[in-house]
Amino acid sequence: MLMKKCPNCDKQKKINTLYLTGFILLVAAFLIVAFSVISIIWVSNEIRVLLFLLGIACYISGLVFLIVGVVRSWKNNHCASKLAIAGIIGVCLTVLFICVGYNSLYYITQPEETPPITREIEPDSIGGNDWATGKEPWEIGTDVTETVMHTMTLGSGPETINLWSYTDEVPRIVNQYIKQNPEFGEKYTVECTIIVTDDGHYQNDLDKALAAGGDSAPDIYVTEYAFAEKYSQGNMAQYSMAYKDLGIDVDTKIKEADIAQYTVNIGTRDGEVVALGYESTGSVMIYNAAIAKDVFGTDDPEEIEKITGAGSGNWDMFFDAAEKLKEKGYAAVSGPSDIWNACEKSADKGWIVKEQLYIDPKREIYLDLAKKIKDNDYSNNTRSWSDKWLGDVRGEGDRKVFAYFGPSWFVNYVMEFFSSPTGSRTYGQWRVCEAPVGFFWGGSWLHVNKNTDKKEGVAELIEWITLDTSETGFQYLWANGLVDWDNDPETETYKQSVASSVVMAKSDGKMDFCGGQDTFPVFAKANNISSGVVISERDERISDYFEEYADKYAEGKLNRFAALEQFRTKVVYNVSY
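Going by the numbering used here, the first residue of the sequence shown is number 574, and it counts up by one from there.
Hints are computed from structural coordinates only; laboratory data are not their basis. You may find that some hints are simply not true.
SDA-like mimics (lysine to any residue), calculated; alpha carbons at most 25 Å apart, straight line [claimed, not checked]: (1) Lys-901 with Ile-880; (2) Lys-752 with Gly-1030; (3) Lys-752 with Asn-1053; (4) Lys-1130 with Asn-954; (5) Lys-944 with Lys-1023; (6) Lys-901 with Gly-786; (7) Lys-781 with Val-1148; (8) Lys-1023 with Lys-879; (9) Lys-1098 with Asn-1053; (10) Lys-922 with Lys-935; (11) Lys-947 with Asn-1132; (12) Lys-752 with Lys-1068; (13) Lys-752 with Pro-731; (14) Lys-899 with Trp-958; (15) Lys-781 with Glu-756; (16) Lys-1079 with Asn-754; (17) Lys-803 with Ala-815; (18) Lys-752 with Asp-1057; (19) Lys-944 with Ile-932; (20) Lys-1130 with Tyr-931; (21) Lys-1068 with Thr-999; (22) Lys-1028 with Glu-756; (23) Lys-1027 with Asn-754; (24) Lys-944 with Lys-1130; (25) Lys-1098 with Leu-1055; (26) Lys-922 with Leu-1137; (27) Lys-1068 with Lys-1098; (28) Lys-1023 with Thr-841; (29) Lys-1098 with Lys-901; (30) Lys-947 with Lys-927.
Use the sequences and the hints to build the structure in full.
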C-alpha cells in the first residue's frame, strides 16, 4: 500500500530552509561587518568599505529569507508565532548591528580633528628685524599674524619692477645691489610686496596676482622649498619664464659656477631652468666637540664621521654611538624630531607616485628611529623649536646634547643666534661633519613672470643674485659675511653657504661658533649629495601629518600599523592629488 506524501511536511521543509538560509546569511553578514570594523590595521580603506557593503548585502538577503519564512509559516500555521518572533528578533539584531558597525567604521576611518595650528616662524636668513613679520628672531613662536603684508620701495627710477616675496630677504639683497650699482636705482624703482606664508596668504595672493596680470603683477617672485615646485613644475608653472628668455646663457653659467644640482632640479621645467636658488641648504651633522672628546676620545671631524656612519645611508652606527653617549650621561639628540628632516628629505621618491600616496622606506624608517630614541632614552625628549630644545643648544638641558642636523642657516640663524658667547655653555664647542644620510632643508627660488616687460632690469638682478661668482657678486658677499643687511657696515654678519661651489671654494668658511673650523668644505660636499627630485607642492602638509602619527607611535599611543593607516586616512581626507 502506497503512503501518501504529506504536503504540509514539504511546505514545512521549505519554510525551514528559508529560515536556515536567512540565519546563515545573517551570521555571514555579522562576521563580514565585524571583520571590516576590526581590520583597520590590516587592510586599506577601500577594501574595508567593500567588505562592509558586502556585509549589508548579506543582511538584506538574510532578512528577505526570514521575512518570507515568517509569512509562509503564518499562512500555513506552522509554529507561526515562534518563527515570527525569531524573525523580528533577527530584524532588530540586523538593524542594531548595522548601526553599530557603521558608526564604528566611521569613527575609526575618519581623521582626527586637527586643532588650529599656530605655526612657529623659522628665523629668516637675515638676522635683523624681519619686515615681513615685524618680529625679531628671538620672538619665534609668538603671534605674528596681525600684519599679513608689508611693502618696501627701493630705488627711484622711472621704470618699476614689482618684486613679491614671503620675507624681506630678497628685497634686502636687491637693496645691496642698488648700493653697489646706484645707476640701477636711478633707472628703476623696485616695489617690494612682502606677504607672510601663514595660512596660505602668500600663495593665495601670488596666484591671484599672476592670473590677473597687468601693471601690478609681480615681475620677480620668490618661492620657498615647500612650494617652489608648484611654480616651477606644478599647476602655476605656466607663469614662470625660462631664464634663457631673459638673455641669460644659463646652462653655461650654471656649469661655470658649479651650482648645486638639487637647486637646479627644483627650478627646471621640461629641461628649461625657470627658477634658481642663491643659497645652498645641503645639511650636515653638527656635533659637540667636548662631548665627542669625552666619549670617543677624539673630536676630529673625520674620525667622528667614521664613528657615526657618515655617508652610510643608514643610522646603525649613529645609534651604536648613541648607546655609548647614554652610558656617559649624554643625549644623542635633543628630541626624536631632530632627525626627521634627514629622513624625510633623503627619500628616493616623493609622497605622491602615479597619483597614489607612497611612503618611501627612507621616510617610513623614521617611525622606528623615533621609537628607538624614545624607548632607549637617547634624547631629552624635547620638541623642535621649543624653549627646552633651544636650551639644549646652549647646554642648559637635563643632559648635554651631542648632535643636531641641519644646513648652514640652521647653524647661523638658530644655533649661533640663540647661543651668544657670554650666554651659552656650548659656544665654540660645535663642529660639523657629514651626516649619516645626505639631505637638504630649506631654500628660496627666484622666478620671473613670463609677461614681464622689464626683461633687461630683471635679468640684471637675477643673474647677479643666482649666477655671479665674482667678488662683487651677491653669493661671494654672503659667503664671506660682507652683505650690509641693515645699512650699517660695522655690523658683523653671518657667513652663509651658497649655491655656487666655485664661490664656496674661494671663500672663508671659518666660524667662531664652530671653534674656528672651516665649515665650507663640509657644506659644499653636502650640497652635492642632496637631491631635489622628490619635492612637490603637497610635501609640507603630508610631512606634517606623517610626523604627527610617528610621534604617536613613538609615544605608544598607537601601534605601528594603526599609525600608518591613520596617516593614510588623514592624507586622503585632507590632501588632493
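Hint check results:
Annotation: proposed proximity of Lys-901 to Ile-880 holds, straight-line Cα distance about 16 Å (limit 25 Å). With a C-alpha separation of about 15 Å, the suggested pair Lys-752 and Gly-1030 falls inside the 25 Å cut-off, and the hint holds. For a cut-off of 25 Å, the pair hint linking Lys-752 to Asn-1053 stands: about 18 Å separates their Cα positions. Restraint check: the Cα-Cα separation between Lys-1130 and Asn-954 comes to about 16 Å, which is no more than 25 Å; the hinted pair holds.
Restraint check for Lys-944 and Lys-1023: the C-alpha separation of about 48 Å exceeds 25 Å, so the hint is violated. Our distance criterion of 25 Å between C-alpha atoms is broken by Lys-901 and Gly-786, whose separation comes to about 62 Å. A threshold of 25 Å between alpha carbons decides the hint, and for Lys-781 with Val-1148 the separation of about 21 Å falls inside it, so the pair holds. Restraint check for Lys-1023 and Lys-879: the C-alpha separation of about 49 Å exceeds 25 Å, so the hint is violated.
Among the hinted pairs, Lys-1098 with Asn-1053 is consistent with the structure: their alpha-carbon atoms are about 18 Å apart, no more than 25 Å. With a C-alpha separation of about 9 Å, the suggested pair Lys-922 and Lys-935 falls inside the 25 Å cut-off, and the hint holds. For the hint linking Lys-947 to Asn-1132, the alpha-carbon distance of about 14 Å falls within 25 Å, and the restraint holds. For the given pair, Lys-752 sits about 20 Å from Lys-1068 by alpha-carbon distance, which is consistent with the 25 Å threshold.
The straight-line distance between the Cα atoms of Lys-752 and Pro-731 is roughly 18 Å, inside the 25 Å bound, and the hint therefore holds. Annotation: proposed proximity of Lys-899 to Trp-958 holds, straight-line Cα distance about 23 Å (limit 25 Å). Between Lys-781 and Glu-756 the alpha-carbon distance is near 33 Å, which puts this suggested pair outside the 25 Å criterion. Between the alpha carbons of Lys-1079 and Asn-754 the distance comes to roughly 24 Å, so the proposed pair stays at or under 25 Å and holds.
Between Lys-803 and Ala-815 the alpha-carbon distance is near 15 Å, which keeps this suggested pair within the 25 Å criterion. Annotation: proposed proximity of Lys-752 to Asp-1057 holds, straight-line Cα distance about 9 Å (limit 25 Å). With a C-alpha separation of about 18 Å, the suggested pair Lys-944 and Ile-932 falls inside the 25 Å cut-off, and the hint holds. Simply put, Lys-1130 and Tyr-931 have alpha-carbon atoms about 23 Å apart, close enough for the 25 Å limit, and the pair holds.
For the hint pairing Lys-1068 with Thr-999, the CA-to-CA distance comes to about 20 Å; that is within 25 Å, so the pair holds. Our distance criterion of 25 Å between C-alpha atoms is met by Lys-1028 and Glu-756, whose separation comes to about 17 Å. A threshold of 25 Å between alpha carbons decides the hint, and for Lys-1027 with Asn-754 the separation of about 18 Å falls inside it, so the pair holds. Between Lys-944 and Lys-1130 the CA atoms are separated by roughly 11 Å; this keeps the pair inside 25 Å, and the hint holds.
With a C-alpha separation of about 23 Å, the suggested pair Lys-1098 and Leu-1055 falls inside the 25 Å cut-off, and the hint holds. Using a Cα cut-off of 25 Å, the hinted pair Lys-922 and Leu-1137 holds, with the two alpha carbons roughly 18 Å apart. Proposed proximity of Lys-1068 and Lys-1098 is supported: the alpha carbons are some 17 Å apart, at most 25 Å. Our distance criterion of 25 Å between C-alpha atoms is met by Lys-1023 and Thr-841, whose separation comes to about 15 Å.
A C-alpha spacing of about 31 Å is found between Lys-1098 and Lys-901, which places the hinted pair above 25 Å, so the restraint is violated. Among the hinted pairs, Lys-947 with Lys-927 is inconsistent with the structure: their alpha-carbon atoms are about 35 Å apart, more than 25 Å.
Hints 5, 6, 8, 15, 29 and 30 from the list above are not met by this structure, while the remaining hints are.
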